[in-house]
Structures are given as C-alpha cells and as structure tokens.
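One letter stands for each residue in the lines below.
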Amino acid sequence: MKTVSFSLALFAVAVSTRLALSEPNKPVKTTPLKQVLIDVDTNLGIKNWSVSADGRGTDHRWSITKDVLHGGRQEGVDRIRVDNGVLSFDVIPTRGMNIWDVDCGDLSLGWDSPVKEVVHPQFVNLRERGGLGWLEGFGGWMCRCGLASNGAPGEDRVRSNTGSIVPVQLTLHGKVNYLPARSVTVEVTDDDPPVLKVRGVIDETMMFGTQLRLTAEISTVVGSKSLTLSDTITNLSADEQEFQTLYHTNFGSPLLEGGSKFLAPAARVTPRDPRAAEGPLSKWNEYLPPTPGYNEQVYFLKLLGDEQNRTEIMLENAAGTRGVSLLYSLTDLPHTTLWKNTAPVANGYVTGLEPATNFPNLREFERENGRVPRLKKGESHHATITFTIHTDAKGVGEARSRIHGLQGDTRVQIDEAPVPGLSP
Amino acid sequence: MKTVSFSLALFAVAVSTRLALSEPNKPVKTTPLKQVLIDVDTNLGIKNWSVSADGRGTDHRWSITKDVLHGGRQEGVDRIRVDNGVLSFDVIPTRGMNIWDVDCGDLSLGWDSPVKEVVHPQFVNLRERGGLGWLEGFGGWMCRCGLASNGAPGEDRVRSNTGSIVPVQLTLHGKVNYLPARSVTVEVTDDDPPVLKVRGVIDETMMFGTQLRLTAEISTVVGSKSLTLSDTITNLSADEQEFQTLYHTNFGSPLLEGGSKFLAPAARVTPRDPRAAEGPLSKWNEYLPPTPGYNEQVYFLKLLGDEQNRTEIMLENAAGTRGVSLLYSLTDLPHTTLWKNTAPVANGYVTGLEPATNFPNLREFERENGRVPRLKKGESHHATITFTIHTDAKGVGEARSRIHGLQGDTRVQIDEAPVPGLSP
Amino acid sequence: MKTVSFSLALFAVAVSTRLALSEPNKPVKTTPLKQVLIDVDTNLGIKNWSVSADGRGTDHRWSITKDVLHGGRQEGVDRIRVDNGVLSFDVIPTRGMNIWDVDCGDLSLGWDSPVKEVVHPQFVNLRERGGLGWLEGFGGWMCRCGLASNGAPGEDRVRSNTGSIVPVQLTLHGKVNYLPARSVTVEVTDDDPPVLKVRGVIDETMMFGTQLRLTAEISTVVGSKSLTLSDTITNLSADEQEFQTLYHTNFGSPLLEGGSKFLAPAARVTPRDPRAAEGPLSKWNEYLPPTPGYNEQVYFLKLLGDEQNRTEIMLENAAGTRGVSLLYSLTDLPHTTLWKNTAPVANGYVTGLEPATNFPNLREFERENGRVPRLKKGESHHATITFTIHTDAKGVGEARSRIHGLQGDTRVQIDEAPVPGLSP
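Protein sequence lines correspond, in order, to chains P, U and D. Here the first sequence is numbered in this note's numbering, starting from 223 and rising by one per residue. Here the second sequence is numbered in this note's numbering, starting from 223 and rising by one per residue. Here the third sequence is numbered in this note's numbering, starting from 223 and rising by one per residue.
Note that these hints are calculated values from the structure, not bench results. Take the hints with a grain of salt, since some may be wrong.
One copy or two, either will do: identical chains are not told apart, so a pair holds if it fits within one copy or between any two.
[Said to hold, decoys possible] Each computed EDC-like pair below joins lysine to aspartate or glutamate, with the alpha-carbon atoms no more than 16 Å apart: (1) Lys598 <-> Glu462; (2) Lys505 <-> Asp305; (3) Lys599 <-> Asp261; (4) Lys256 <-> Asp412; (5) Lys447 <-> Glu529; (6) Lys338 <-> Asp261; (7) Lys524 <-> Asp554.
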C-alpha cells in the first residue's frame, strides 16, 4: 500500500461514476489505448468501464467491458469481457486472471459445472473436505493451478520462520485460482487489426513463505479465432524458490460428446491409477457420452514437439467438424495431463487438457521425481499457450495433420499400469 | 454465470440508484407485485429498495425494505425487513435466508447473543475451534442447519473425486447458515389482505460433492401474527444424495424467563447426555432464570401428531400470557430437539426449538440409526413450519388446548438416561 | 443488529455521497468535532470522508481522511489517514485498528513486507501453513496480537458448549489483527493545539467462547511527533476470562540498518531458543545489515521502570540521529519481546519491539508460567503506549539518557541459553 492523496481517490470515484452512469458511454477515440482498471499502488478499483470500436472509423467490431458480478457466491467478483468481434471470453481478475465463458459464434467452450457461479474467494475455504475446498468454486474454462504448489492435497515440508523444517498440509491445486489481481491493465494496440490485451498481476506472497508474482497477459487479435495466454512467474524472494503451474483447461458439451477425440503427438501415455488403467487403454483418447457411475480417468502424457520443442494438442468433436487446439512449448510446460470425467451432465461432464510444469501429484512426490522447477532470486519462468478454435472440418483437419506431423514415425507407448515415478 | 450485456448492468445500477436516492420513494402502485432483488443469472444485486402500502388506497399497513448492513463483521450483509403492519422480521439472504429480529408490538422474539452482529460469511471459518466456527456468527431467531449435514462436528466418510471413500471433518451444523442466496424475489399478492412473500434460492454445491439446492419461501399475511416458512431441498445431482435440515429457532427474554414452559405432545423425551439427565427430569420442559454455571441441557423428543401427522409445539412465558407456537408435519420433520441454555444473559440466555429430519448428532451416527434421509436424482424434500405469536392468555390457552388434544391419553415416557441409538 | 429506518440509511448514503463528491469539500467548521464513521448499531458505514484545518482560522495544519482501499487482497479495507501537520499515519479499522504507514517528514516508520497490500480478512485463512496463516497479511507498523491468545500456534484446551474441556488448535497471534471495527469515531478537541483522535471498538466474540471487547483510541497532538495508543480490553462474559495482548511494532529501513541499536533499561535478557543464543549475545541489542541466510533471533526481556513502573525503550539508527521510543507501564504490559529479523530486504528486513502481557509462546505454556492474565465479569484491562519520533541527535540523546537513568546501577543479566519457564 502506498499513501494516496485524497484528490486521487476522488478522481477514481469520479471516473468510475462517469463511466458507469454516462449514457451513452463515450470512450476515448484514440488508439492505441491503455487503461488501468485496478491498481493497488494507486488505490484504483474501477467497477464499470467499457470501450469499443464504435466511432473509431474502423471495419472491426470489438469491445472490452468491465463489470462486477452480483448475487450468491459471486458477489463482488470483477469480470472483464473481451469481444474481438468473432471470439469473446471473460477474464476474471478476482479469480487468478482465469478465463470463464468462451464463445465463438454458436460454439461455447467451457462446461456446465455443478457450481453455477463464479465463486468469490471469500466463500471458499481451501481446507474443506480434506483439502478439496478448491472444488467449491471449480468452474469456467481455464484456471491455473499453482503457484507454490498444485496437484493432490496432502502433507509436504517447508521452512518455517525459525528456519526449521515443518510439515504443512497442502490443499488441492494451490491458491492462485482464488487470488485477486493487484493490478489490471487493458490495452488496444494500433495494429490493423488491433490486438486486445488484458494484463494482470497477482501476488502469492506471505512473510516467511511463498513470494511469487504472476504476470498474466491474455491477448487476442480482433477478428481472429485465437487467444494467447502469456504468463510470467517471478521469484520475489532473496532465496531460491520452487513453483508449479498447471493450466486446467476444461471442455464440456458441445465439443465434448460421445465419440469426441483428444489428439496429441505422444511418445508415452501412462494411466495415473488402476481406474485409468481400466481404460480401455486402446481408447484412452476417445470419449464416452455422459455415463452414470463413471469415475474420473487421468493419463500422464509424454508429448513430442518440433525442433523448437513446441507441441500442439487438440480436442475435436465426434464429427471432426469442431475443435480447439493448444500450442505451447514443452520446454516451458514439459508435462501434460489428460483428465477424463465423462460423468452425467448434472455431475459435471468434462475433460481437462492440462499443460504444466509437472504432473498433478502431491508436490513432495513431484519434487522427488524431479518435476518441481526452481527459480533463483529475481528469476522468471515464462509460458505461452495459444488456443485456436476450429469451426469447420477443414480447420480441424489441418490441426490434425499438424499433430500427425509432430507424431511422425514415433510409436506411442501406452503403459498398461501406473508407473513408479509417475504416480505415487 | 451467464453473460450479461453492459446495458443490463447499467440498468440495474440505475434502478438501484433511483430507488435509493429518490425522495420520496415512489413505488409502483400495482398489486400483485413481484420484484427480483438478487439474481445470479441476470447479474442483479439491488442494494436498496422499498415498497409499502402507501398510496395503494388500502386500509392495510405494510412494507418491505431491502438494505445492506454496515460495520464490523456485518459489512455487506443483505437484509430484507418485512413488516405486515402487526408483525415484522428480517430475512437475511446472505445468511441462508435466515430470520433475524422478529417484533410483534412490544414483544421481540430472538435472543441476545454474545455475537451482536449479523456476521458476514467472509469473517467466519467453520473449522475454527475444533469445527465449532459456526458459533462465531450464531445469533438471530431462526437459522437452518444443513444441508449436507448438521449436528455435532467430527469425522464422517464421503466419496471423493476418484470414487474412493475418504474421511472428512464435518463442522458444526453444516454450511447453509453461511451461504448467500443466488436469487431473491419479493412478492405481494392481490389477496385481501395481501400476502407478503420473500423467496430465496441457495446452492450448496461443489464439484465431486454436495449438490443440493434450497428454495426457501417466507410468507406472512398482512395484519396477522403468523409467518410461514416453506422450504424445498432439491437434489441437483445425477446420483442419490443424503441431506439434513434442522430449524434452529431461538428464544431469549422476554418469552424465556424463569418459569417459562415448553409444551409439546410428546410420546417420549430422552436426555442427550448425562448432563441433560441431571434434569431434574420432572422439569425437563420448564425453564430456569439466567443461572450462573448452567451448562446446556438437550432433549431428544418423539412427538405426536394428528391424523395428518401434523404437530404443534409452543414456548410460553411464566404467566402464560405470551407464547409462540410452531406447526409442522412430523412426516417432513420427524425429529425435534429441545435445547435449554439458561446461562447468564451475558453468555446467551436462550432456548432452541429444533424441528428437523434428524437429531443433531454426528451425521455418521444419525445415518447408522436411520435418520439421514436420501433424495433421488431430481427429487425434492418439502417442509413447512408456521410460527404463530400469541400475545394474550387466550391465544396461549387455545394453543395449549390444541397441544393437550394432540397428547390425548398418551403418557409421555421420560427416559432417565441417554438411550443407545439416540445418543452416541 | 438493530433495526434502522430506511430514512436513516438514506441519510448515511447521502452524507457519504456529499462528502465524497462535493468539490471543494466543505467540512463543518465547528470545533470540537466528533464524527461517527462506522457503527453497527445504527448501520452506518461512511466510505469517504475528510476534515481538515482549512477555513478554521488556525495556524495548525491537520487533516483526517477516510477512504477505502482497492485492488488485489486489499479490496474493501477501510483506512483513516491522520495527519497532524508533522506526523501522519494510517489507522486500519478493518484490521484490528492497527497502524500502517507512519511518516514524519522524510522519515517513514514501518517496513517493506513481502506482503505489499493491507490484506483484507476475507483473503486470509489463519489455519493455513500449520496455523501460520496470520503471516499472509503481515505488514504495517503496529499490529496487535490477541485478544483471546497470541504467540505460537498449537494446541490448547478450552471449555466447550457442553462444559467439557476440549482441545483446540490456536493459530499464530490470535484473531484481532483480522477483526474489523464495529464502531469508529473521529474526534478533534478544541485544545490549542487540538488533539486528533480515532476510536474504534472491536468484538472478539462467539457463542460458547471468547467474549472480549477492545476499545482502541489512537491520538496525536497537532504539530507533535508523538502518537498515543490507549487500549481497553473488557470481559463481556458473565464468567472470568483469560486474555492476551501484544503490540507487534515493526521497523525496517531507514531506522533499521547495520549498526542500529535497541535501547532498554533491562534487568535480564534471555534468548528464546538456541538460535537466539548464538547471538553473539554481547550484541543482542545491535543490528546487522540485511543478511542472506539470517534466521530470526528473539529475546525475552525483563525491563526496569520508574517509581510508577513506567519504562521507555528505543530503536535508534546507526548514527544516533533518528529514533523512536515507546513509553508504557510495566504494570499493564510486564513482558517485552525483541524480534530481530535482519534478513535480506526482499524477505522482510525488520525488527519488532513487542510490549505485551506475556511472551509470545503457546498460550498453554504461558498460563503454566503465570503470564496469562484474567478478567472478572465486566472487568477491563488498560494499556497505553506513547510513541515518540526523534528526528535529530539531540532527541535521540535525551531518550538515551532517560533510558540510562532507568537502568541506573542495575547490571543486566544476559542468559547464555534459553531458560525453563521462559521458553518451552
């Protein structure tokens, strides 16, 4: 917190009020545009704000809208809707800069979670239900898991204030999914077409503990069917620190359906546990329709990349006419997990594609197996994922070809049982 | 969450502002009236709103007022004050649609809790003090205990995401007392006299866990001394689910005083523990004045009903000139608990009348003894309680007669000690 | 909660709006001035408010400004900036009436915590990391530790609702640091120069548990370099209750630097643990510059007072040209702890001067050793600390002389190892 003069605070209120109440809303017409919406250091928190292509003498249709959610467990959640004219999605600063509803024409990504609200962190206790409290607000399309830890809940050991090593109970998937952004900036570039950007900064910090900062930028080119996530995690401490990050990207109907397929250039596929080994393993990458009594099946993947170690994975529908592919670097995110949960719709019919620094096991196990990266003082980790939506068979086919190209002649090894070192 | 256009959000703000700032407030004069105050699906959260009989050309005086509480641990709590001209009470959407202060002329129900605020869920950690965190916000007249569980804190077993059975630590009386309503609607019927209704919907949901929805309607006829609670609990999951509900209805001074009596048509009265067995059991249904060193005494009741299995219970003051009776169905709420806590006023001088689906023991024990009901997919449980305030000896006497009528010739069995199967 | 008429709520909104938006802000010109800013009982929560010496025809410059913090984990935190013309500081009603940034000319007190926000209680779970969740919002200059307990986390035993003695897990330093004020009043006296006062009331209460009320008054004389904290802790219960209070007063750069000194009239200095015993003990009261790998060193102090049992302690910089001294009564606060944490700046370079009712060990240990005071029904404990900033060698020297005077001929006993009864 910095001291802020009263006049500045008044100004913030005035701006917010003007933007919220003026009708019609008259945005500044200059481009490029840069607007700070939230900022701890200047004590700024604009509740309602909007900008669009209107009146800018351009053929492109786009808009960015900031508002606040109301009602139930979503009371007070900040939301930024980005609409590039073709693709629109919600960024949630209050929930780790996660991405909620994604729409592209009549295709919606995301899934129908049993949790119908964008739950505010104030209503979630991560320690609930044996450390599974994270699931009380689990919904939306893409949520990060991290930063100090992700994966299964359970005991690990950390250094305490006195310097001794003490046990701690880690909770499922860490904290960042429930941390609010300390700074949010919206940018529109003067490219043609323009690029829409939302950038947020999140501190996962405490005294005598984690000191990691996430800078997350979500960008999309106006008129495109792609969005790019570009994350930087920085060690703010004077000491070396571990970190973990996993991109829990979730798809339900309509992309997920009986006969949908997951495509990836894979060297090895390993079932996490006996349940996953039930497979059938020959159909590890195919999906059932909503299935009563289905228990989740999780596969750990060793993927193949190009000469720059970049890979592409895709979920496509049964007809192969729609899909979403993810492009990312295996250098940054070496481990990918596939989560299949083709349960009945009411219980959450969903699959998760999860590029990560690690597999989502308990951190202690991941550390023992060399999958918990470390950052030196001031050092940063970068990861970029580009999501592209394919809305016809041609687009799906091209992505499939690229993935087959990455697979090349390599035969995928499908393990018949969990493998020591990969599963606890 | 659904996507809401900016204009709708602006509209919501405008409505709220107009209603809050216009002076005098000019309500719509049409009746029947229906107003949505909170709604997740349309992202609506009206902070201040009011409607009254004024200008409607009617003899009836009534009003409904929505505002937000401020200060301390009650910051941000929504409140709806319903005044039927004779009886007024607060409904608290932020706290499980509970009912706080009730006033009928110079008679106030409720009690003077050590907790002087309507504590917002953000300030309560249910896991505090060995799972007794619920008590940090315990106050008010009627609070529900449930929905997945109620009763004592402790270990039970549930199904995890992987399908395995895992231990969980349940907290006292469950979560619904600290869950905010996702939807709140106010209605005024065009009956003569009109009926005032507040209806709220609360989701107790998570991924891989509880998926229960409570729809709670509180209604009162203008000019009456009664209010009716009508609850529906629905299983939103594709699987069968357990649930529990208990209506923790609390009375302090002036209705509770030395010599006050609890009246019920009882077949059997069982002390919960040795402390309750100390009684004296002959006075199990009589109250002491505030008593230093008094420890709570809890009795489990088997009540008698009429041919439709409906029962009536009452708390009356020492002089028998004032009382409150509860009418409900033993089919819906088969188990009733009496909680006597005639401690010093400063510590909470209070008694709880608690109709429920079960006794407030640990859920595992209740399940073993067949007192945890189950709902199939899509199935609902209904419960209705009508509370009537008696403000003179005649009203109290009539209720007493009805209760004696239900008792009939049945002699009450008063157990001298806790009974296996009823108490752990 | 009391019922508040709608018109009063409207009035509160109107006041808040007027004060926030009117430009220029026209305060009432009368002195003395008394303004309630937050009040549970009348449901008042003024967000923005300000008053200053402007237009009062006085030579004194001063102002008091109330606003609300925004962004990240500080969203919704109330702040009151008090500026006496020479000394300014923030009082945080949402965080136990703690004092954050303190500025006197170019000298800032406080420290650069790894936590850069004034974290709102909604984002803190005290049970995190083995009961060290308190550290997730640890920052600022002066924070209280208490009221039911302070010190190390761990198990203690309390009386439950049934009257039995049950184990509870206490969390680091108790709850008051994360409890919001239920009432806040600002006063400006008509003295010449005037005294600026902020008074807050905080309830640490629950049913069947702690029932303590803190009334905290922070005052400063216009134009002075001093501020006085005057606390009253009252037992609201009908039963005798324990309490604990500790004033965690934290200093970083520039006052803390290599060669800074802590001065106190000490009869005995005892290292808390082997790490503190490493000292070197001859330099127990001298400070290192930021030091990689440094683990905290904690010393328990037995101080000397004057004939009224009042003592004075001071932190001075290396050159002896700047310092802060604390004056308080050893009758009220008999035990003082010195916390040295000369870690690298990024990790929190800080020292804590901590007058208290006890040493910050687990409460059970403190009780066994007679350092947990008790309050009878209705009884109160008072403590007053006056902080004075010295901005030149003369002021530092005079304070040093006073401290030497208190030391007199008493030789300080420096224990070479932890002492049973002082450390567990």
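Hint check:
| no. | hint | result |
| --- | --- | --- |
| 1 | Lys598 <-> Glu462 | within (4 Å within a copy, 51 Å between copies) |
| 2 | Lys505 <-> Asp305 | neither (37 Å within a copy, 63 Å between copies) |
| 3 | Lys599 <-> Asp261 | neither (25 Å within a copy, 46 Å between copies) |
| 4 | Lys256 <-> Asp412 | within (11 Å within a copy, 48 Å between copies) |
| 5 | Lys447 <-> Glu529 | neither (26 Å within a copy, 66 Å between copies) |
| 6 | Lys338 <-> Asp261 | between (29 Å within a copy, 12 Å between copies) |
| 7 | Lys524 <-> Asp554 | within (14 Å within a copy, 55 Å between copies) |
Violated hints for the displayed structure, listed by number in ascending order: 2, 3, 5.
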